[in-house]
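Enquirer: Below are the chains, spelled out letter by letter.
Number of protein chains: 2
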Amino acid sequence: MTDVNKAVVILSGGLDSSTLLHCVVKSLKVPVVATLSFYYGQTHAKELASAAKISADLGIANFRIDLSPVMKDFKSALTGKEDIPEGHYAQENMKKTIVPNRNSIMLSIAVGYAISLEAGRVFYGAHAGDHAIYPDCRPEFFEAFKKAEEIGNAWTPVILQAPFMNITKADIVKIGLELGVPFQDTWSCYRGKDKACGTCGTCQERLASFRDADAEDPLEYVDRTSWIDTERKWNETHVN
Amino acid sequence: MTDVNKAVVILSGGLDSSTLLHCVVKSLKVPVVATLSFYYGQTHAKELASAAKISADLGIANFRIDLSPVMKDFKSALTGKEDIPEGHYAQENMKKTIVPNRNSIMLSIAVGYAISLEAGRVFYGAHAGDHAIYPDCRPEFFEAFKKAEEIGNAWTPVILQAPFMNITKADIVKIGLELGVPFQDTWSCYRGKDKACGTCGTCQERLASFRDADAEDPLEYVDRTSWIDTERKWNETHVN
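Protein sequences appear in the order of chains A and B.
The opening position of the first sequence corresponds to residue 284 in this note's numbering, with each subsequent residue numbered one higher.
The opening position of the second sequence corresponds to residue 284 in this note's numbering, with each subsequent residue numbered one higher.
For the record, the hints were derived by calculation from the structure and aren't laboratory data.
As the structure is a computational prediction, the values presented were derived from the model and not from experiment.
Hints may be right or wrong, so weigh each one.
Identical chains blur together in the list; that is why a pair holds if it fits in one copy or across any two.
[To be verified] As a list, the in silico PhoX-like pairs of lysine-lysine whose alpha-carbon atoms are at most 25 Å apart:
1. Lys-289 to Lys-355
2. Lys-379 to Lys-289
3. Lys-312 to Lys-516
4. Lys-379 to Lys-430
5. Lys-430 to Lys-358
6. Lys-289 to Lys-358
7. Lys-429 to Lys-329
8. Lys-516 to Lys-429
9. Lys-516 to Lys-430
Using the sequences and the hints given, assemble the complete structure.
Expert: This is the structure we're talking about:
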């Protein structure tokens, strides 16, 4: 039997899911029996070390799930099959960073883990900024998928929850600051090198979110300023 | 881009999915670019050799996907964590054979493969007899899941199809006989030994389906008759 007072949290090691974990533990006060992190061949596998540290610091077991044999033939810029695109996070070429059906696969496995661990809830950190490029981060996807999982696991119910679905990454930064999330231990950059690049879509989005939250990102960047020009150009053509 | 005239078929190596594959190729005439078979630690991994042969005989590439590292902690009688239950296929104790969230996980991965192979359709062989014990084989699950996948893969549409959803296994046997499916090469028994046992739920269901289709199962069984008594007892208490 699953217990609605036990949760599993999907933790990439990035800013969003790390804040989500702190939020579930400290604000929602739902006991987290495990965090799940997925290795699918991503170039920025460095995020997994972040996930392990963030989870361990809260005393929570972190399961690293190796999907790389399953996804080895999947085409995506995130798995080194194409170059990491530069520019604004909502720009058309960012579609190269889609990993085919990634969220559906990860959420399905997370639900299977939750059932095995007798946890009745799975949390994941999709947010409003993901919607433009990633259809599998949209509320319509999430609601349909959540419904399917409820029907498909009738004997062992698991509720999927995405508390950040309708807030921005800047809002997440503000929540994280309030909760004392160690942002310096999180990792977002798609290039996964020594320092964050500052020019890939996810670095740009992260830096803009800290700016919008009136805060400073404690991470070290190769280039901390050129995103401002990219954003200005994007806004000139895309914002009325 | 995905092409609706290319299909991927999920092939366990059992009677249902083998008939489905022949049906897609010979009746629906949709070109099948690959069959997908999943190893998740099932005791009856023997079915994977059946899947490979059935696929090869039709000249179709068979991808064997290893989910065993992902599912190693999942509890189920099918992965040796509990004994294989005996009795009628729709009996309560058959719930032990549930693998947590299996269909959701496999369908999600199949959709990811389809996108990578540019196929616009995924076929799978759930049928009416699976509904009692396995909620993730029910039409309500399938419809909700299919909808989620459509939304989640907006740039690369994939249609999920389960043509056998509302017919019985006996109907599938009839279709298979018509299409010349090599039933002797398929494998169903959950015990996965040299001969099919004839007493596990899936053997019983298979033998009953051949009887209902007025046909003889070409497989060798350890015990080909005791299921008849089990069925009689089940009918006395469950059928009006």
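Enquirer: Look at each hint and say if it fits the structure.
Expert: Hints and how they fare:
no.	hint	verdict
1	Lys-289 to Lys-355	between (33 Å within a copy, 21 Å between copies)
2	Lys-379 to Lys-289	between (36 Å within a copy, 22 Å between copies)
3	Lys-312 to Lys-516	neither (43 Å within a copy, 50 Å between copies)
4	Lys-379 to Lys-430	between (29 Å within a copy, 24 Å between copies)
5	Lys-430 to Lys-358	between (28 Å within a copy, 23 Å between copies)
6	Lys-289 to Lys-358	between (35 Å within a copy, 18 Å between copies)
7	Lys-429 to Lys-329	neither (30 Å within a copy, 34 Å between copies)
8	Lys-516 to Lys-429	neither (38 Å within a copy, 39 Å between copies)
9	Lys-516 to Lys-430	neither (40 Å within a copy, 37 Å between copies)
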